[in-house]
Amino acid sequence: GESVGLHLPTLSVQEGDNSIINCAYSNSASDYFIWYKQESGKGPQFIIDIRSNMDKRQGQRVTVLLNKTVKHLSLQIAATQPGDSAVYFCAGANSGNTPLVFGKGTRLSVIA
Amino acid sequence: EAGVTQFPSHSVIEKGQTVTLRCDPISGHDNLYWYRRVMGKEIKFLLHFVKESKQDESGMPNNRFLAERTGGTYSTLKVQPAELEDSGVYFCASSQSHSPLHFGNGTRLTVT
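From first to last, the protein sequence lines are chains A and B.
Following our numbering, the numbering of the first sequence begins with 185 at its first residue and continues without gaps.
Following our numbering, the numbering of the second sequence begins with -8 at its first residue and continues without gaps.
Isolated chain A, as found in the complex:
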């Protein structure tokens, strides 16, 4: 079955530095991946997604990289700001039918 996990449960970065959050998945049939940000007391908020026909996708200050060979994806946040402090979840699915499977989350703390 599908499992999606994260390498590190916590990450602390200095304000202004770049952040990299990693995620591994086990199901090679997964072809759609999403990163969510969850702030305290709120639900997961969509950040960026990527399909398996791409290996990189950029948004505003965020970049997702997908390496299908080793079944790994990462979220890069440029010039990390205090407002980026949150728990970040990766999630994957086979876009045909299966529901999103979430990893446990990485807590990002930004040090001012």
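Hints are computed from structural coordinates only; laboratory data are not their basis.
Treat the hints with care, as some may be off.
Within a straight-line C-alpha distance of at most 30 Å, the following computed DSSO-like cross-link-like pairs (lysine-lysine) qualify [what the hints assert, rightly or not]:
hint, chain 1, residue 1, chain 2, residue 2
1, B, Lys69, A, Lys288
2, B, Lys69, A, Lys252
3, B, Lys69, B, Lys32
4, B, Lys6, A, Lys288
5, B, Lys32, A, Lys226
6, B, Lys45, B, Lys35
7, A, Lys288, B, Lys32
8, A, Lys288, A, Lys226
9, A, Lys240, A, Lys255
10, A, Lys226, B, Lys6
11, A, Lys255, B, Lys69
12, B, Lys32, A, Lys255
13, A, Lys240, A, Lys288
14, B, Lys35, B, Lys6
15, A, Lys226, B, Lys35
16, A, Lys240, B, Lys32
17, B, Lys35, A, Lys240
18, B, Lys69, A, Lys226
19, B, Lys6, B, Lys45
20, A, Lys288, B, Lys45
21, A, Lys226, B, Lys45
22, B, Lys6, A, Lys252
23, A, Lys255, A, Lys288
24, B, Lys42, A, Lys226
25, A, Lys255, B, Lys6
26, A, Lys240, A, Lys226
Some chain B residues well away from chain A (every beta-carbon gap over 12 Å; in silico) [to be verified]:
hint, residue
27, Ser0
28, Ile4
29, Gly7
30, His39
31, Asp47
32, Tyr65
33, Thr103
Where a beta carbon is used, it is the ideal one built from N, C-alpha and C, also for glycine.
With the hints as your guide, set chain B onto chain A.
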């Protein structure tokens, strides 16, 4: 556009009691999902509605959980009778076809 709304935001009940959670999806979203996050663990899929039909209920833990979506609009998730292990945050999400899931802020359920 109003987001996904969930009610109540918090619920504290005793073991053996019944609780009903409500989710109002984004207007026009046919897909509605329930997820649950137990303390410290990943967000886990419970079930998926397409309009009023249950598309996938493979994540429902047992028959104490009953989800409905009469008329294909809002959904309810009832837990009867509640057990201690049911404590957690219950998230609802909705989407249009082939679009990312939009989550509500969740209902924090505490069973004592």
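Comparing the hints with the structure gives:
{"no.": "1", "hint": "B:Lys69 with A:Lys288", "in the structure": "25 Å, holds"}
{"no.": "2", "hint": "B:Lys69 with A:Lys252", "in the structure": "40 Å, violated"}
{"no.": "3", "hint": "B:Lys69 with B:Lys32", "in the structure": "22 Å, holds"}
{"no.": "4", "hint": "B:Lys6 with A:Lys288", "in the structure": "27 Å, holds"}
{"no.": "5", "hint": "B:Lys32 with A:Lys226", "in the structure": "16 Å, holds"}
{"no.": "6", "hint": "B:Lys45 with B:Lys35", "in the structure": "17 Å, holds"}
{"no.": "7", "hint": "A:Lys288 with B:Lys32", "in the structure": "6 Å, holds"}
{"no.": "8", "hint": "A:Lys288 with A:Lys226", "in the structure": "16 Å, holds"}
{"no.": "9", "hint": "A:Lys240 with A:Lys255", "in the structure": "14 Å, holds"}
{"no.": "10", "hint": "A:Lys226 with B:Lys6", "in the structure": "26 Å, holds"}
{"no.": "11", "hint": "A:Lys255 with B:Lys69", "in the structure": "37 Å, violated"}
{"no.": "12", "hint": "B:Lys32 with A:Lys255", "in the structure": "22 Å, holds"}
{"no.": "13", "hint": "A:Lys240 with A:Lys288", "in the structure": "23 Å, holds"}
{"no.": "14", "hint": "B:Lys35 with B:Lys6", "in the structure": "22 Å, holds"}
{"no.": "15", "hint": "A:Lys226 with B:Lys35", "in the structure": "16 Å, holds"}
{"no.": "16", "hint": "A:Lys240 with B:Lys32", "in the structure": "28 Å, holds"}
{"no.": "17", "hint": "B:Lys35 with A:Lys240", "in the structure": "27 Å, holds"}
{"no.": "18", "hint": "B:Lys69 with A:Lys226", "in the structure": "22 Å, holds"}
{"no.": "19", "hint": "B:Lys6 with B:Lys45", "in the structure": "28 Å, holds"}
{"no.": "20", "hint": "A:Lys288 with B:Lys45", "in the structure": "26 Å, holds"}
{"no.": "21", "hint": "A:Lys226 with B:Lys45", "in the structure": "26 Å, holds"}
{"no.": "22", "hint": "B:Lys6 with A:Lys252", "in the structure": "45 Å, violated"}
{"no.": "23", "hint": "A:Lys255 with A:Lys288", "in the structure": "17 Å, holds"}
{"no.": "24", "hint": "B:Lys42 with A:Lys226", "in the structure": "25 Å, holds"}
{"no.": "25", "hint": "A:Lys255 with B:Lys6", "in the structure": "42 Å, violated"}
{"no.": "26", "hint": "A:Lys240 with A:Lys226", "in the structure": "28 Å, holds"}
{"no.": "27", "hint": "Ser0", "in the structure": "8 Å, violated"}
{"no.": "28", "hint": "Ile4", "in the structure": "20 Å, holds"}
{"no.": "29", "hint": "Gly7", "in the structure": "28 Å, holds"}
{"no.": "30", "hint": "His39", "in the structure": "6 Å, violated"}
{"no.": "31", "hint": "Asp47", "in the structure": "6 Å, violated"}
{"no.": "32", "hint": "Tyr65", "in the structure": "16 Å, holds"}
{"no.": "33", "hint": "Thr103", "in the structure": "21 Å, holds"}
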